[in-house]
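> With chain A's structure known, arrange chain B on it following the hints.
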Amino acid sequence: MAVARMKKIYLIAHSSLKSHIVSSLHQQGLLHIENIEDTILKNNLKESTVNNVPDLNEFDLILSKINFVIDFISPYKEKKKGLLSGLLKEKVKLSSYEFEKIEEKLNFEHVYRECETLDVELNKLNNKLNNLTNLEENLKPWVNLKIRLADFKGTKYVDLLIGKIANNFFDKFKEETEKDIPESFVDAVSSDSQNTNVLLVYHKNNTSKINSILSKYNFISTAFPNLSRTPNEEIFHIHSQYKIINERKSEIEERATKMVSLMPDFLALYDFFENKRRKKEIEEKFAHTKSSFMVEGWIEEAGISKLENIMVNISSEIEIDVFDPTEEDKPPIVLKNPKIIQPFEVITRLFGMPDYNELDPTPFLAPFFFLFFGIAMGDFGYGLVLLIACLWMKKKLEVSKNTKSFFDLIAYGGFASMIVGVFTGGYFAIDVKVLPEFLKSLMLFDPMKDIMIFLILSCALGVIHVCFGVAIEGYDNIRRGNISDAVFDQGVVLLFLLSLVAFGATGNSIAKWLAIAGTSGIIFFHGRESKNILSRIGGGLYSLYGMSSFIGDFLSYARLMALGLASVLIGWVINVLGLMVLDIPVIGIFFMAVIIIFGHGLNIVINLLGAFIHPLRLQYVEFFSKFYDDGGKKYKPFAVETKHLIITSSEMD
Amino acid sequence: MTGFQWALLGATVATVGGGAGSAMGITYIANVSAGILSEDPEKFGGLLPLCAIPGTQGIYGFITAVLVLVFFGLIGGGGNNLTTAQGVQIFIACLPVAFSCCISAIYQGLTSAGAAGMVAKRVEEAGKALILPALVETYAALSLIVSILLLLSIKAAS
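Just so you know, the sequences run in chain order A and B.
Heads up: the first sequence at position 230 corresponds to 851 in this note's numbering, and the numbers run straight through without jumps.
Heads up: the second sequence at position 67 corresponds to 71 in this note's numbering, and the numbers run straight through without jumps.
Be aware that a few hints might be false.
When the alpha-carbon atoms are kept at most 20 Å apart in a straight line, the in silico SDA-like pairs for lysine to any residue are as follows [to be verified]:
{"no.": "1", "chain 1": "A", "residue 1": "712", "chain 2": "B", "residue 2": "73"}
{"no.": "2", "chain 1": "A", "residue 1": "1257", "chain 2": "B", "residue 2": "128"}
{"no.": "3", "chain 1": "A", "residue 1": "1054", "chain 2": "B", "residue 2": "73"}
{"no.": "4", "chain 1": "B", "residue 1": "47", "chain 2": "A", "residue 2": "695"}
A short list of chain B residues far from chain A (calculated; beta carbon distances all over 12 Å) [unchecked claim]:
{"no.": "5", "residue": "6"}
{"no.": "6", "residue": "96"}
{"no.": "7", "residue": "111"}
{"no.": "8", "residue": "128"}
{"no.": "9", "residue": "132"}
{"no.": "10", "residue": "134"}
No lab work stands behind these hints, which were simulated from the structure alone.
Glycine included, C-beta positions come from ideal geometry on N, C-alpha and C.
Next up, chain A with everything else stripped away, as it sits in the complex (with noise of 0.2 Å):
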């Protein structure tokens, strides 16, 4: 019905118009193509050379460029505040003709090499600043030291050492080196919580005695070759050095940051190199001989007489041959509905589309979910808040065509919201008492009150959405010819539940009886498959007690009214407590707005993920189970794809 008819389509060229056929179908995005090595068997195509894999390293190198330059400028773009911003992620426009003229536009490998020439620098220099830090930390401990580095080579007879000592060992350390070895001297320098730095000097007859003593008491000896100043005075170089550093590396900054204006350019360039990398990859499905290439691919019947145009002003010779899906064929599945359903194929998308021969469930989960997202939501105001917010970002965000269309399925989940608020006086959850009597003659009831109303309305209208997934069944059964099937299965289970219902609430006596002969219905019928009598009542028995999982279904539906009194009750709690502190003199009204904008906006969004997981739950758990079968794969035409642009048809064509 609503799954789009498809036909395969074979197209045999000569490999000098490869790249022109290509490019075409690629612009035109009207063939899903599929890998013809999964379905022509190599000995049907003995001369092909099947395994073509075409060479993308080229197009690879290009690319990890492009991110290399994206990445090197993103850390200095400014950036967007707001939760907003890091749920959706915004795209640069661009049209068609631009995105073409993208690579003669930028000087790519120009600024490719300027980011890695600055990026290299800007380690060297990050190293550098690394090590004078470190440096800096080992010269701390010697700053009172005022002797020059470089004298730390020793004369002819004296030997100077420094070094950390543990606190504890310092004074018999300092009393055993001045008592053994009397041409020697020891002063503690500085010293911190654990060590004592110390300054040694020592005659070199006595080099081995001190070495013992050194070890004795753990003595770990500092150096610091390379330098000759005096620690006071490396102190202070290094700092010069720092001013240096970060002197450049603010230089570099600058000029990444002028970059910044590049990003969207560059963006651009990596889908355009993305999407010609696409093209080459895409051969790999084909079949190849010596001077011929083949393509198979799924099209809409639609498209047909559009590719053919295209392909007939190519070049004569391409052969195009087009063909119904077999039995074995899976054709990929394209979701036709009119424009005001569409915002619910989101929901069976998400799901898994359905089998190529299977109904398409949109339409039928269309209003249930429409209705049940204004039950969870249950508020006129907060419908419109809804409403409002979903448009207003759909026209101001740049964001995907998926993204859109799911602003889209929220903005109608606020408009019926709105609808099931004016039913149960929900105005912002004011309290119904102090309504106008206008908007009380429209209420049907109030859920604050007639509690037991909600459930019951809540499950009833389970029993019409589970009824209506088994009706559906029954109709595909018809519509296959499977009629035997609609009656004895569905047909009877229909009765079974509506009578039985019927029977439950009104107590008729032809209730009672419809009950009854569906019941029979079910024992005698929903064995059928089994030549044995006996069996086959056992099989129908035991699908009678398989008939108790309705009543689960059933009550599941009850989560909306639990949903819908949420929603209701936090926001009463938020008014009460906005008018406990209007009590408050002066600032109390202050207060009030805070507590009401923010309290109701967070009802808002709490709500809002219960009011789309719920009915989204109900729609797969309790529905899609009675009749629907996924397993179709989604259609995908070769085409261009762009992951941070949205390509606008150009003005200049």
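Chain B in isolation, oriented as in the chain A frame:
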């Protein structure tokens, strides 16, 4: 204990049960998400709803507490009229939410963490990943409904 005190205990138990469970559940999934985000910050949009899912139980506990306060006029000082028997009934009515929401929120956090792994590996399946933890939620919603019905019947009887 007076009826007023029992009713307060019920409201408290419901809030604490739901809130504590939600806090634990969210902690779990948020920790996992933080790990994923450190590798790939662009998955924020897919992970945030998962982190929020175990939060509903806390709200259910809160709703139950508010209903106790509203139905029996505790805010307006009407609680002094409650008999001890009524107070105990109210307390019992709060227990489904207190237990079910606490436990389901923790396990929903664990399920969400599994689903977060799915988002990490296949971000295009983020929608399906949302559905799995939502299955756990059913029992929290049912317990809320039972608690509300019990409170309603106590109110009708009084």
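> Now look at each hint and say whether the structure bears it out.
Each hint, compared with the structure:
1. 712/A <-> 73/B: At roughly 50 Å apart (the allowed maximum being 20 Å), residue 73/B and residue 712/A break the hint.
2. 1257/A <-> 128/B: holds, 14 Å
3. 1054/A <-> 73/B: holds, 19 Å
4. 47/B <-> 695/A: Holds. Residue 47/B to residue 695/A sits at ~18 Å (cutoff 20 Å).
5. 6: Per Cβ check, residue 6/B is outside 12 Å of chain A; nearest 25 Å; holds.
6. 96: Answer for residue 96/B: holds, closest chain A Cβ roughly 19 Å.
7. 111: Label holds. Min Cβ-Cβ 16 Å, cutoff 12 Å.
8. 128: Given that some Cβ of chain A is not farther than 12 Å from that of residue 128/B, nearest at about 10 Å, it is violated.
9. 132: violated, 7 Å
10. 134: Violated, because the least Cβ-Cβ distance between residue 134/B and chain A comes to about 6 Å, which does not exceed 12 Å.
In this structure, the hints that do not hold are numbers 1, 8, 9 and 10, in rising order.
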